[in-house]
Amino acid sequence: GALCCGGAIASMSDGRSVSASDGAQIVYSVIARGPRVVLADYTALRGNFQQVFPQVLVRLAQAVEENPGVPHSFAYGDYTFHCLSGPRKLLYVCMVDQNMSRRLSFGFLEDVGSAFEAKFNQDEVDSAIAYSMSSRFEHILRKLMEKYNVPDADRGRVAALSAKVKDISNEVSKSVDMLMERSGQIELLVQKSEHLSTSSHSFVRETKRLQHKSSWRNRRTILLFVALVLTLLIWMLWSRCGFWYEYC
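Residue 237 in the UniProt record's numbering sits at position 237 of the sequence shown, with consecutive numbering throughout.
Any given hint could be a false lead.
[Said to hold, decoys possible] With a straight-line cut-off of 20 Å between C-alpha atoms, the simulated DMTMM-like cross-links for lysine to aspartate or glutamate are:
{"#": "1", "residue 1": "Lys119", "residue 2": "Glu66"}
{"#": "2", "residue 1": "Lys147", "residue 2": "Asp126"}
{"#": "3", "residue 1": "Lys89", "residue 2": "Asp126"}
{"#": "4", "residue 1": "Lys89", "residue 2": "Glu110"}
{"#": "5", "residue 1": "Lys89", "residue 2": "Asp41"}
{"#": "6", "residue 1": "Lys147", "residue 2": "Asp123"}
{"#": "7", "residue 1": "Lys119", "residue 2": "Asp41"}
{"#": "8", "residue 1": "Lys147", "residue 2": "Glu246"}
{"#": "9", "residue 1": "Lys89", "residue 2": "Asp123"}
[Said to hold, decoys possible] Cβ pair distances, simulated, as ranges:
{"#": "10", "residue 1": "Tyr131", "residue 2": "Gln62", "range": "46 to 52 Å"}
{"#": "11", "residue 1": "Glu65", "residue 2": "His139", "range": "28 to 34 Å"}
{"#": "12", "residue 1": "Pro87", "residue 2": "Ser132", "range": "16 to 22 Å"}
{"#": "13", "residue 1": "Val58", "residue 2": "Ser127", "range": "18 to 24 Å"}
{"#": "14", "residue 1": "Arg36", "residue 2": "Ala75", "range": "19 to 25 Å"}
{"#": "15", "residue 1": "Gln98", "residue 2": "Arg219", "range": "24 to 30 Å"}
{"#": "16", "residue 1": "Arg136", "residue 2": "Trp216", "range": "23 to 29 Å"}
{"#": "17", "residue 1": "His139", "residue 2": "Val229", "range": "43 to 49 Å"}
{"#": "18", "residue 1": "Lys147", "residue 2": "Glu66", "range": "28 to 34 Å"}
{"#": "19", "residue 1": "Lys147", "residue 2": "Gly69", "range": "23 to 29 Å"}
{"#": "20", "residue 1": "Lys89", "residue 2": "Thr221", "range": "49 to 55 Å"}
Derived from the structure by calculation, the hints contain no laboratory data.
Just so it is clear, CB atoms sit at the ideal spot from N, CA and C, and this is done for glycine as well.
When you get a sec, could you build the whole thing from the sequences and use the hints?
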């Protein structure tokens with residue numbers, strides 16, 4: 001599946017596509033430090049949203065910087081990205097089906113933030129490199145995602161577990177409209193990402209060709225060296241023993 005202009009598609013690990021008829025779901029969850037470093041992420045689905053996400057993260061980080069202290073959302077195609085900011089430039093982000101409740105989405109992000117900040121201290125967060133916390137935190141993301149990806153009948157009960165979701169929902173409805181006006185920027189970034197992907201494949205092919213050429217050149221050099229050594233040895237034997245080795 002693909003996340004692209006006009007609609008995104010995600011697939012289950014067994015290849016089934018996820019649509020509104022399956023019930024709205026949290027598709028992808030990320031904890032990032034600022035706009036560039038993803039510390040941990042988790043998804044049970046397949047798609048290119050992990051490749052597209054770095055561009056989305058930059059835009060969400062800009063929105064947080066422009067309007068700090070409030071939740072942010074960005075509707076894109078059939079999906080919505082929600083973002084909560086935390087201490088130490090932390091960003092908690094989830095990608096959800098567009099028809100999923102904002103209250104539920106931000107309730108999920110609140111739980112993610114609480115769990116993450118309880119597990120890791122400031123020094124760990126500040127010194128962590130990209131994706132270095134995934135192995136220690138993705139199981140928590142998976143459990144929380146499973147908790148919130150419940151049947152519609154149970155979602156009111158799950159949303160009620162978070163004390164702040166009502167206030168969050170009211171603020172988000174404003175920032176969604178603000179960010180949707182800039183959707184063209186994300187579309188261009190996605191197209192650029194696809195172009196870079198094509199360029200990357202071309203680069204890999206060219207690299208393999210050059211590696212093959214270099215490998216053959218090295219083998220040829222070795223063969224020439226071996227031939228030279230053998231020729232020298234034969235010449236020395238002939239010099240000492242004669243052409244027919246009659247003196248040896």
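Hint by hint, here is what the structure shows:
With a CA separation close to 29 Å, the supplied pair Lys119 and Glu66 exceeds the 20 Å bound. Note on Lys147 and Asp126: the hinted pairing is violated, with a Cα-Cα distance of about 29 Å set against a maximum of 20 Å. For the hint pairing Lys89 with Asp126, the CA-to-CA distance comes to about 9 Å; that is within 20 Å, so the pair holds. Proximity of Lys89 to Glu110 is assessed by CA-CA distance (about 15 Å); at most 20 Å being required, the pair is judged to hold.
Annotation: proposed proximity of Lys89 to Asp41 holds, straight-line Cα distance about 17 Å (limit 20 Å). Distance hint between Lys147 and Asp123 is unfulfilled; the C-alpha atoms sit about 30 Å from each other, more than 20 Å. Between Lys119 and Asp41, the direct Cα distance comes to roughly 15 Å. Compliance with the 20 Å bound is thereby established for this hinted pair. A threshold of 20 Å between alpha carbons decides the hint, and for Lys147 with Glu246 the separation of about 92 Å lies outside it, so the pair is violated.
Our distance criterion of 20 Å between C-alpha atoms is met by Lys89 and Asp123, whose separation comes to about 13 Å. With their beta carbons about 22 Å apart, Tyr131 and Gln62 fall outside the hinted range of 46 to 52 Å. Taking the beta carbon of each, Glu65 and His139 are about 31 Å apart, inside 28 to 34 Å as hinted. Between Pro87 and Ser132, the C-beta spacing of about 19 Å keeps the proposed range 16 to 22 Å intact.
Between Val58 and Ser127 the Cβ separation comes to about 22 Å, which falls inside the hinted range of 18 to 24 Å. The beta-carbon spacing between Arg36 and Ala75, approximately 24 Å, falls within the hinted interval of 19 to 25 Å. At roughly 57 Å, the beta carbons of Gln98 and Arg219 sit outside the given window of 24 to 30 Å. For Arg136 and Trp216, the Cβ-Cβ distance of about 45 Å falls outside the hinted range of 23 to 29 Å, so the restraint is violated.
Separated by about 60 Å at the C-beta atoms, His139 and Val229 break the suggested range of 43 to 49 Å. A beta carbon spacing of about 32 Å between Lys147 and Glu66 agrees with the range 28 to 34 Å that was offered as a hint. At roughly 27 Å, the beta carbons of Lys147 and Gly69 sit within the given window of 23 to 29 Å. Hint check: Lys89 to Thr221, Cβ distance near 52 Å, so the stated range 49 to 55 Å holds.
In this structure, the hints that do not hold are numbers 1, 2, 6, 8, 10, 15, 16, 17, in rising order.
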